[in-house]
Amino acid sequence: MYRLSGLDPRTKIIMVIAISTGAMTVANILYLSGLFAATVVILAAGGVSLGRQLYQVRGILGMIGFLFVLQWIFGGMDGLVLAAMLSVRLLIIVMSALILLTGEPRDYLLGMTQWKMPYEIAFMVMTGLHFFPILKEEALDIYYSIQLRGTEMKKTSLKKKLKTYLKISLPILAGAMERAKDTSVAMEARCFRLMPQRTYMRRLRLKARDICVMIIVPAAVTVFILGGCGKIGYQAIEKPDQIMLSWTGDPAGTQTVSWHGDSRYDGIVECNGKDFDASVKQVLNDGYYRYSAEITGLKAGKTYKYRVGDGRTWSSYHSFTTEKSGNFEFMYMGDIQYELMDRDYKKWGRMADLAYEKNPDTAFILLGGDMVENNAALDEYGTVIKYGQPMFSSVSVMPTPGNHETSIAPYTYEKIFSLPLNGPDSVKEEVYSFDYGDCHIVSLNSNLFLPERINDMGTEKWKAMMEKVNEWLEKDLSESDAKWKVVFMHQPPYPVEEDCDVYGLIRENWVPVFEKEGVDLVFCGHQHVYMRTKNIDGITYIMARSGEKYSRYYKSGDTVPDYVKVLKETNSYEMIYVKKKSLEVRAFDASGKQIDSWEKQ
Amino acid sequence: MHIIEGKNLTFSYEDKPERHVIRNMSFGVEEGSITVLLGLSGCGKSTLCQIICGIIPGCIGGELEGELYFRGEDITDMKVNERALKTGYVMQDPDRQMIATTVEDELAFGPENLCMDPAEIREKADSIMKMLNITHLAGRTPGQLSGGEKQVVAIGAILALDPEVIVMDEPMSHLDSLGRELVCSAVKELKKAGKTVIIVEQDYEIVDFADKWMIMEEGVIKKEGTPAAMISGGPCFDTFCR
Amino acid sequence: MILSVDNVTYKYKNAKAPVLEDVSAVFSKGDISAVTGPNGSGKTTLAKVIMGILKPQEGRVTISSGDGVTDISSLSLAETGRKIGYVMQDPARQMFSTTVREEMEYGLRNMGLDEKETEARKKRFLSYFDMEGYEETFPFSLSQGEKQRLVLAAVLAMEPEWLILDEPTASLDVRRKRMLGEYLLKIKNDLGSGIIIISHDASFVRRYAQAEIKMTGDGHV
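Residue numbers (our numbering), protein chains in the order written: chain R, 1228 to 1828; chain S, 703 to 944; chain Z, 295 to 515.
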């Protein structure tokens, strides 16, 4: 077995540097504890008894205890972990110093000099070490003398004590200076610095075991650091959350899953016995990562279980059902926007739970925009998805952007949601369509008409883009041979209050296309009321909100356009029943009470 | 021929330029002899030692006039660390001249500064320890040595540089009788090795084997001669009677 | 009037054996007593134990005077310093002031003496040791012998009943040794202090001490 005292001092210096670096760079309590245990073993195996090790750290045990108490009071459980890490780090460093204590200072200095440290430094240090105990003794004698001369040190004020210390600094300094002078004379008298170099009678030679240790210990510590920092080995991740389903492809054979993770892993969806790789996007620069994967090869009308993770850490199992043939129903929810975030989202969540409970066979959910208040607030998106559980992780959520998701364009929204990319080139994911059963659904971004968008692009470019969009819309609708055509967007073509130009622009650009291509139903939101229009040229327009924010566009008593058929101030969710022969809409309030119904044959 | 010769030396310290500690002093020391410098405190004997070794004016400031010769060569302006190869200097306080942490390192310190070959240094250290009978102290640290042992080690450390002249400034004043014995036997070894030794001492009885005494008073040599001659005569000597 | 050391045993913290083992001694005030022995026999340790700087593991030191017996361990160092003056081997460890005058006055002020008394004692003791005229001198520029005299003067000015000197002859020449001897006799006769000299200088002890306590190499008397 090796003995630490038998190792070259330079080897020991390397060991201590390596171990201390390891202790300082890794921030994982498990790894640090492991390093601590390793240090104890190195010392014990090398001839430093456990008792001696304990003795070394006895000084800082008190400080550690104090640290723990402080952190616990101010930091709770997290604080304790932090305190534990700091304490273990301290222990490791103090203990590794024991490795150094197995050698003589003169050996370390000789070793450093052999490694090209200037010898003057070595001598300075050595003289210092040499004289420190002597100076200490001198200082003590001086301290006793001044007391014997009548200076009381017990029960005196701090000020008096300080004055006394000042007074004895004179003889201490004088003594030290004298000593220094004599020593320098002695050194000169021994030809110190006569020549630019000097030789050494003793030479330290590195033996085989020194080389071994000098290679093994830093290598081991490097591996340790890489592991502890998560670069290698398995680093446990946070459980994935904010799971949301959608479709980017055919609802009959595919299912897209997106979730929030911590970016350090490659995401996988496990479903139907297979793993599907996820792509990951960083949303904003916030450390918020959104994974999304598409499950393919599914059979229509079947229920599948799935879970997401990295292959070692998984979410719990959720399930979904692929497109069923025959009649189906889906849900629509308008603005979820809040007055007070957590309270209102919670309330909305309860309504969503109720809606899902009453309609467990909902095929998918359409969201009408304004889910959040601030377009880039990741915590708001996260909270909506959180309160949308369990529905959001069991049923596809197909949204449209509202003005509150928009900052010129809905940048953040596009990263949160994974949507079909079949829209017009310049506005992919802002505009898309999909088919389910006998229903063709188009999601339009009515924020394209906002003045910010127009000004940002310049009227020329914007006009060109809108032309393409309108072209696409026409093509998309005309190519579909579904029985029912449903469109949804955020701003209403037929508003309750005409307070800006957007509505007119929608009517100008899109409504003619709807009418031409036989759209049956248009959902929208924005003005925070439930409003159903009369049949306008074959199309019924339904506006709704599902959240708590009251309307500032309509107050009871206001005059209302004459195309308004039903108007209710309450929030609601809508169920749309798609049958072969009919399309039915029923609106329910937060308690599940029906507030409106409509049907088209 | 005198190995050390001083001609018309005059010296005053920097801070007291009016007071001449050494006044127009001339002297000669014979090769291979043991000379004892006696005198009351303040007479300038320590100062003379320091001049011989070059500590004055090398490390201590002041006005030095006159010349110092080593084997006929004028070494008045030679630097301390060069001079050390000719004249070694042992101080009064054993604690203040130990530089290294062990005895053998102490003996090696000088030769190491001279860039000697490590094997040669080891040989030299061993031979000196043998000569001074301190081989058993080789690995000891200063804390493990008595005052007398430390002084002998200091002598050994100087010896390692092979100076022909060794100057000792009251080496025994802090030692007890045991320590003094040690140092005396070391000095005897020096003489056997052919070195010239100049010792400053208070107590003439200690160095009873001296070849010559020089009594200094107020910066000049008042009297010199062999011990026998000195004891038998002269009122000057009586001041030293116990 | 005696200073009594009773069965004192003292061991340094990390040492294997005690430096002083069951040491007892009695010093009379009327004598100059000497503690002799080779270096390392514990003489300085004994001095420090007597002064109360070191606390013995066993035994005690007492002073008896007119008003009874006092155990040294019951006094603080400041109080002990007034009863026993201590002159260390290296006087530079006992000087804290920038002038000789200040050094003399420091101890006296600590005793709470008034201006007149302070001035009187200062003058008296400076002249006692032939140090008048040195009042404005920077103490560290004095010669070794002069430093020793300054410390003696400063310590004695407090008029302690006892005086301990640790190796006082170490750096003195023949003449100065004689002078010191004379001073000590003077002090004994004029001030009546009990004097204890710690020394390995056999001839000095022979000449001036009336009582002797020999320390052996292993901590005994």
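Quick caveat, the hints were computed from the structure, so don't treat them as lab data. As the structure is a prediction and not an experimental result, all values here were calculated from the model. Note that the Cβ used here is the ideal one computed from N, Cα and C, for glycine as well. A hint or two may mislead.
[Said to hold, decoys possible] Here are some of the chain R residues that sit facing chain Z, going by a computed Cβ distance under 7 Å:
hint, residue
1, Leu1393
2, Lys1394
3, Leu1511
[Said to hold, decoys possible] Dumping the calculated DSS-like pairs for lysine-lysine here, alpha-carbon to alpha-carbon at most 27 Å:
hint, chain 1, residue 1, chain 2, residue 2
4, Z, Lys307, R, Lys1381
5, Z, Lys441, R, Lys1390
6, Z, Lys349, R, Lys1388
7, R, Lys1394, Z, Lys417
8, Z, Lys482, R, Lys1363
9, R, Lys1381, Z, Lys305
10, R, Lys1387, Z, Lys349
11, R, Lys1394, Z, Lys410
12, Z, Lys377, R, Lys1387
Hints versus structure:
The beta carbon of Leu1393 (chain R) is not positioned within 7 Å of any beta carbon in chain Z (closest approach about 10 Å), and the interface hint is therefore violated. Given hint, Lys1394 (chain R) at the interface with chain Z, holds; its Cβ is 5 Å from that chain's nearest Cβ, closer than 7 Å. Contact between Leu1511 (chain R) and chain Z, as hinted, is not supported at the beta carbon level, the nearest pair being about 64 Å apart and thus beyond 7 Å. Distance check on the hinted pair: Lys307 (chain Z) and Lys1381 (chain R) sit about 23 Å apart at the alpha-carbon level, within 27 Å; holds.
Simply put, Lys441 (chain Z) and Lys1390 (chain R) have alpha-carbon atoms about 24 Å apart, close enough for the 27 Å limit, and the pair holds. Between Lys349 (chain Z) and Lys1388 (chain R), the direct Cα distance comes to roughly 23 Å. Compliance with the 27 Å bound is thereby established for this hinted pair. Of the supplied pair hints, the one linking Lys1394 (chain R) and Lys417 (chain Z) holds, its CA atoms being roughly 23 Å apart against a limit of 27 Å. Distance hint between Lys482 (chain Z) and Lys1363 (chain R) is unfulfilled; the C-alpha atoms sit about 35 Å from each other, more than 27 Å.
For the hint linking Lys1381 (chain R) to Lys305 (chain Z), the alpha-carbon distance of about 25 Å falls within 27 Å, and the restraint holds. About 25 Å separates the Cα atoms of Lys1387 (chain R) and Lys349 (chain Z), which keeps this hinted pair within 27 Å; it holds. Simply put, Lys1394 (chain R) and Lys410 (chain Z) have alpha-carbon atoms about 25 Å apart, close enough for the 27 Å limit, and the pair holds. Using a Cα cut-off of 27 Å, the hinted pair Lys377 (chain Z) and Lys1387 (chain R) holds, with the two alpha carbons roughly 23 Å apart.
Hints 1, 3, 8, counting from the list given before, are not met by this structure.
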